[in-house]
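Colleague: What follows is each chain in one-letter form.
Protein chains: 4
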Amino acid sequence: MIPVGVLGATGAVGQRFVQLLAGHPFFDLQVLTASQRSAGKKYRDAVNWRVDVPFPEATADIVVSDTKTESLKGVDLVFSALPADLAGTIETACAQAGIGVCSNASVHRMEPDVPLMVTEVNPDHIGMIDLQRDRGMDGFIVTNPNCSTIMLTMSLAPIRGFSFHDIRVATMQAISGAGFEGIPAMSIYDNVVPYIGSEEEKMEKETVKIMGTFNGSEVIPAPFTISASCHRVPVIDGHTMAVWIDIPDPVPAVAAAYRNYQAPISNLPSLPLKSVDFMEQQDRPQPRLDRLKGNGMTVSVGRLREGIRYIAMGHNTIRGAAGASVLNAELIHAKKYI
Amino acid sequence: MIPVGVLGATGAVGQRFVQLLAGHPFFDLQVLTASQRSAGKKYRDAVNWRVDVPFPEATADIVVSDTKTESLKGVDLVFSALPADLAGTIETACAQAGIGVCSNASVHRMEPDVPLMVTEVNPDHIGMIDLQRDRGMDGFIVTNPNCSTIMLTMSLAPIRGFSFHDIRVATMQAISGAGFEGIPAMSIYDNVVPYIGSEEEKMEKETVKIMGTFNGSEVIPAPFTISASCHRVPVIDGHTMAVWIDIPDPVPAVAAAYRNYQAPISNLPSLPLKSVDFMEQQDRPQPRLDRLKGNGMTVSVGRLREGIRYIAMGHNTIRGAAGASVLNAELIHAKKYI
Amino acid sequence: MIPVGVLGATGAVGQRFVQLLAGHPFFDLQVLTASQRSAGKKYRDAVNWRVDVPFPEATADIVVSDTKTESLKGVDLVFSALPADLAGTIETACAQAGIGVCSNASVHRMEPDVPLMVTEVNPDHIGMIDLQRDRGMDGFIVTNPNCSTIMLTMSLAPIRGFSFHDIRVATMQAISGAGFEGIPAMSIYDNVVPYIGSEEEKMEKETVKIMGTFNGSEVIPAPFTISASCHRVPVIDGHTMAVWIDIPDPVPAVAAAYRNYQAPISNLPSLPLKSVDFMEQQDRPQPRLDRLKGNGMTVSVGRLREGIRYIAMGHNTIRGAAGASVLNAELIHAKKYI
Amino acid sequence: MIPVGVLGATGAVGQRFVQLLAGHPFFDLQVLTASQRSAGKKYRDAVNWRVDVPFPEATADIVVSDTKTESLKGVDLVFSALPADLAGTIETACAQAGIGVCSNASVHRMEPDVPLMVTEVNPDHIGMIDLQRDRGMDGFIVTNPNCSTIMLTMSLAPIRGFSFHDIRVATMQAISGAGFEGIPAMSIYDNVVPYIGSEEEKMEKETVKIMGTFNGSEVIPAPFTISASCHRVPVIDGHTMAVWIDIPDPVPAVAAAYRNYQAPISNLPSLPLKSVDFMEQQDRPQPRLDRLKGNGMTVSVGRLREGIRYIAMGHNTIRGAAGASVLNAELIHAKKYI
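If you read the protein sequences in the order shown, they are chains A, B, C and D. Quick note: the first sequence uses this note's numbering, first residue 750, plus one each step. Quick note: the second sequence uses this note's numbering, first residue 750, plus one each step. Quick note: the third sequence uses this note's numbering, first residue 750, plus one each step. Quick note: the fourth sequence uses this note's numbering, first residue 750, plus one each step.
Simulated from the structure, these hints should not be mistaken for lab results. Some hints here could point you the wrong way.
[What the hints assert, rightly or not] Some chain C residues flagged as far from chain B (calculated, every beta-carbon gap over 12 angstroms):
#, residue
1, ILE751
2, ALA807
3, LEU1022
[Claimed, not checked] In silico DSSO-like links for lysine-lysine, alpha-carbon gap of 27 angstroms or less:
#, chain 1, residue 1, chain 2, residue 2
4, C, LYS791, A, LYS791
5, A, LYS1085, A, LYS817
6, C, LYS1023, A, LYS790
7, D, LYS791, B, LYS1023
8, D, LYS1023, B, LYS790
9, C, LYS791, A, LYS1023
10, A, LYS1023, C, LYS790
11, D, LYS790, B, LYS1023
12, B, LYS791, D, LYS1023
Since the structure is predicted, the reported quantities are computational estimates derived from the model, not experimental observations. Idealized CB from N, CA, C, for every residue including glycine.
Could you put together the complete structure from these sequences and hints?
Modeller: Given below as structure tokens:
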């Protein structure tokens, strides 16, 4: 068992990390950090548990520590749910101190020696960890992308063999993506907010890094462009997106690629039976009905029709955040980086 | 004052017609029709008023009649909120009986001699009424398009002078568009339904007719294509849509066209001060905050950015249905067709 | 393993029965019935699965049969999710044919020889099964009450030792209680509907039967009255209720009763660790955060304050319907009635 | 025309004041105050207008001033939408400076010489203004109660002639009552929060002051008690409440009192045609359908049934806040206090 910690364990993504790591077969959750205000309290008392599955009692008595490297003695790996402004220095300090970091924060994602990894999409980018030795890091930083980017790249993975160069994507994103306090009810109830700060830019830049080619020393970005339009809708969990992709092949050929898809990895505890579930019903996927498929780790694709147009949907705080990091960590463990 | 009636006055669109016509300066609401079950009752007793503005008391004592031409004695114009399966025969019978029909139903929209009219977008298509004489109609049928098509074409009107040939549109449509009983709460609450029957096809076909050229004998469809992806979201009223249009000009030029836009018609009672309101705030338009602008008749456009991408939004049961028909009727009246 | 069936397996409560019975340690799900339209299809094809947990694949290939006793060959026990108008004759026919019936339908609840049972509240009422022999039934009918009544009686069980005679209860009920199609979105979104047909009467009558004394030949109703006011609110699952009860004792004494409560039964598979969870936080219970506690079988009680006033909340389609029936069946099995 | 101002004009209640006062026949809106951050900006630029009716353009160019008495030169009356912590000193300073204050803030409500007034319920309490002379105030402070208390007392006004001493009320309150930013969407969507800080205490104390007897020198509290249970539900505007009142008379007698009710005042611009609308339909009132009745100033009462039980509902930010203050001011003006 690898001793692990969660940085920022009381927030929305932090709580999901704790939920997913409680009882994990590889990782032994030993350290939970939060702000100074919470440090010294038992996790049960420090957290206002607001995930809609019951609180994992096994974590109740862990004493929360301050978010700094000194708190991480004996830990080999941390999962970071830190806000972007804190993540930069602390994650780097952890990696320099010999700790592996699997981060959901955005700050290191676009650095040239940091893997931006969706486990099933670009597992070979894990090799970028070796480049980090040149920075003098004994540990490492591996990031997962923005939640919407994860759903998009997962939906592209089965069809990456086709020729295309132009992707348009319109998202309908859940409110949990902004954290527990992020969006006032008066802003989103009976409403659509057609703007999410920096989200379109992230989707456009992150996708071509993830789908790019790692040649051993750098990532050559994928040769296509994405144009995104991002919107918030009144849904608790589950990001839905409408995608156009200029594949010239007919719909049945593309459908066959989805039906035949097998993830290029296997035997990881959080890997769902189907990483991408191709749905034939004309009105699916839907967030409330499909977000918990594969314990929240499956991305559902449907409504494939000429254009090529399709709908992709996945659980944004599991598949799109904490679960993505945990699955990355499982691969890192399988590849003996920890 | 022109004596008018509403066909199908108890449903969702029918109630909106009644709301908009009560106290109208040109039209005197005399006849309300519904199914046989309601015929003979006072409107107050026949209708389950579910519009969120108070019931117009002036209509309370109108005795509802059966939906057939015999009920329309003395009426010069009817507004049709009939379902598609009834609208075909009854609207034609009305027109043959010398009555003008302004219809929100889809059945006659694509007929070659029937105007599919968005008042500010293609007012000259009103001339197609003359073609209907060849069918032996003393009255006429004028249709308005599908609600989503209205928002799209209104948003295109200010920029139709630019060169483009490819439009992609992803809609986020309100539940009122399916009528009062159309969508079970269990289907849409905390959910997105990425499918609306026939909606994408309607947007793709209707738009090129509306934006086409009427040469006096037929409409030459507009020379561009639309690819639509239509989705239902948990919003009461107001259809929002993300649009991509391949205008090669820079954003400021397109913005200027929006800012300088003037509707090509004027002096009609239901015409709002601004038919298209161009919003500069980065997170607008939003359905709950902007749908009642111009008494629900203004289409709001915002988030214009390179791509060219933008957001359009309007009230689907006012601007996108009953109000569209009433505004068409006001133009028909101004042009002396009634 | 007892061979069992579900009557009305494609509706909202029927789907919950199937979810809860798939993989059950005592009961082997062999027969699923539905209307003639579905008969002959595999369950996978007959059902539009709309529970928000994934479809239980083990049930996919069960061929759905018509809802009649002939379909139940070899089955010892059925769970009934039939609508009230069908349940009357079919459930009686089953019992006469020697089959045990655990029913969620309302039709037999108030019959003098039929147990109306909430497993933890009145397990001794199971003895009423013996009275049914006088009707010539080789099988039996055991009912569970209305969903709101279950939450109320569960919340009363820990404090039934105090003296009281007057209960007022105002409910805030979830939309799933009306089935998948029961409530149009336009009726309940951004709204409260302060009326649920027959619900107040059910709460008022059923509660005194359940809390009454079974003396071996009849149930003496409990000596208190309930006055209910029932309301629908925009919540998917979970009925919340505000209760006043005229217990003269001080709050700490009542709180102690809740804290010390132990259900009078044990060792049943669906029995949660805590049947009643007494919450100390001032803003709990809340349906979205607490409804899945104990796999949906725990009733949460909180905000106990002078008055005596408190809040009770539980999952209406699990604890309040299908799960209640399954737990009753587990007790029936433990008591050797099957 | 009386020159007036609004204190705290950019918040939720402040925006409602501005909406209601723009174009008012008695009051000329001249001064809008806000925090220092907004002072000096035009109102159009200072406010993030989030009321769902269009922005009143007539107020756009008013330059916002800092919230202090110096900003109020030339103003005879101010409407206060200040938070409780600011309202105390500033409102008193205004009154001492000779300005009349109609306040929605809670801080002065229970002071023995301050009217806590619901215009139709206790208009005679206006006489308490004279008592304020003893404090050396040339101006005055008149308060309106908490939103829920307004709905409750309005619903009691028509039946105050009956004998009763015990009231229970369970509220289902709208999210707008907590201001634009008050409630995170993650807290209330698909949820009920059974706690609103201090709300139950306010209802219990304020109601007996309002319904009490003013004998010229003090208010004798009304001789009944209220026990409240307050809950937040996912509704934008409109507080609904279930009320029990121990009137021994039969339902028809109570219904007659509602039907015959006439408000004891008349001829005020904001006074609705019906202050209390008694609804006979079994499923009304409902917030989304009934909250805009009487321009949001009517309280709807329905479901009167034995118990005595009934439902009351009104618009919380109009009738329950800004509109209540404006109507009070209209009475104050009619009674020549300004």
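Colleague: Next, verify each hint and record whether it holds.
Modeller: Each hint, compared with the structure:
Non-interface call for C/ILE751 relative to chain B: holds, since the shortest CB-CB distance, roughly 32 angstroms, exceeds 12 angstroms. Consistency note on C/ALA807: stated as away from chain B, and its beta-carbon is indeed over 12 angstroms from all of that chain's, at 25 angstroms minimum. No beta-carbon of chain B is positioned within 12 angstroms of the beta-carbon of C/LEU1022; the least distance is around 28 angstroms. Restraint check: the Cα-Cα separation between C/LYS791 and A/LYS791 comes to about 51 angstroms, which exceeds 27 angstroms; the hinted pair is violated.
A threshold of 27 angstroms between alpha carbons decides the hint, and for A/LYS1085 with A/LYS817 the separation of about 26 angstroms falls inside it, so the pair holds. Distance hint between C/LYS1023 and A/LYS790 is fulfilled; the C-alpha atoms sit about 26 angstroms from each other, no more than 27 angstroms. A C-alpha spacing of about 23 angstroms is found between D/LYS791 and B/LYS1023, which places the hinted pair at or below 27 angstroms, so the restraint holds. With a C-alpha separation of about 26 angstroms, the suggested pair D/LYS1023 and B/LYS790 falls inside the 27 angstroms cut-off, and the hint holds.
Taking the CA atoms of C/LYS791 and A/LYS1023, the gap is near 23 angstroms; set against the 27 angstroms cutoff, the hint holds. The hinted pair formed by A/LYS1023 and C/LYS790 meets the criterion: a straight-line CA distance of about 26 angstroms does not exceed 27 angstroms. For the given pair, D/LYS790 sits about 26 angstroms from B/LYS1023 by alpha-carbon distance, which is consistent with the 27 angstroms threshold. Between the alpha carbons of B/LYS791 and D/LYS1023 the distance comes to roughly 23 angstroms, so the proposed pair stays at or under 27 angstroms and holds.
Of the numbered hints listed earlier, the single one contradicted by the structure is hint 4.
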